[in-house]
Amino acid sequence: MTSISKSFPTEYSMLVHLFLDLRGRGLSLSSADLDILKSWEDAGLKPEFIAQVMFEYAEECKHKARPFPSTLVPLSRRVHTVLIKSTEF
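In my numbering, the protein residues as written are 4 to 92.
If you're looking for bench data, these hints aren't it; they were derived computationally from the structure. Quick caveat: nothing in here was measured; it's all calculated off a predicted structure. Ideal Cβ placement from N, Cα and C applies to all residues, glycine included. A hint or two may mislead.
Listed below are the simulated BS3-like cross-link pairs for lysine-lysine, each with C-alpha atoms no more than 30 Å apart in a straight line [to be verified]: (1) LYS88 to LYS49; (2) LYS67 to LYS49; (3) LYS88 to LYS65; (4) LYS88 to LYS67; (5) LYS41 to LYS65; (6) LYS88 to LYS41; (7) LYS49 to LYS65.
Distance ranges between label pairs, derived from CB positions [claimed, not checked]: (8) THR84 to ALA35: 14 to 22 Å; (9) ASP45 to THR84: 13 to 21 Å; (10) THR84 to GLY47: 16 to 24 Å; (11) ALA68 to SER42: 25 to 33 Å; (12) CYS64 to HIS20: 14 to 22 Å; (13) THR90 to ALA68: 27 to 35 Å.
With these hints in hand, go ahead and build the complete structure from the sequences.
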């Protein structure tokens, strides 16, 4: 098993820990989640931006009484949506 800290820079390993904390269950990520993290890193997205999206998504889930997602897939879609909206202006 590969350590997250060896796979990603410190900033991205912080995102892993944040996601696991917000998710509230489990101690590991799927290979799809790791691929999403890698794609964010390859795209040069700032971890602070992704963390902000995670916090906003968590607040939205709390407000709508929905559980926080168990994978990064919905968050990846949200990041993509925010990026598209920001380039429209």
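Each hint, compared with the structure:
1. For the hint linking LYS88 to LYS49, the alpha-carbon distance of about 17 Å falls within 30 Å, and the restraint holds.
2. Distance check on the hinted pair: LYS67 and LYS49 sit about 27 Å apart at the alpha-carbon level, within 30 Å; holds.
3. The straight-line distance between the Cα atoms of LYS88 and LYS65 is roughly 24 Å, inside the 30 Å bound, and the hint therefore holds.
4. For the suggested pair LYS88 and LYS67, the alpha carbons sit about 23 Å apart, so the restraint of at most 30 Å is met.
5. Taking the CA atoms of LYS41 and LYS65, the gap is near 28 Å; set against the 30 Å cutoff, the hint holds.
6. A threshold of 30 Å between alpha carbons decides the hint, and for LYS88 with LYS41 the separation of about 22 Å falls inside it, so the pair holds.
7. With a CA separation close to 25 Å, the supplied pair LYS49 and LYS65 stays within the 30 Å bound.
8. Roughly 19 Å separates the CB atoms of THR84 and ALA35, a value that falls within the hinted 14 to 22 Å.
9. For the pair ASP45 and THR84, the supplied restraint of 13 to 21 Å holds, since their beta-carbon distance comes to about 19 Å.
10. For the hinted restraint 16 to 24 Å between THR84 and GLY47, the CB-CB distance of approximately 18 Å keeps it satisfied.
11. For the pair ALA68 and SER42, the beta carbons lie near 30 Å from each other, so the given range of 25 to 33 Å is met.
12. For CYS64 and HIS20, the Cβ-Cβ distance of about 18 Å falls inside the hinted range of 14 to 22 Å, so the restraint holds.
13. Taken as a hint, the range 27 to 35 Å holds for the pair THR90 and ALA68, whose Cβ atoms sit roughly 32 Å apart.
Figure legend: structure checked against the earlier numbered hints; every hint is met.
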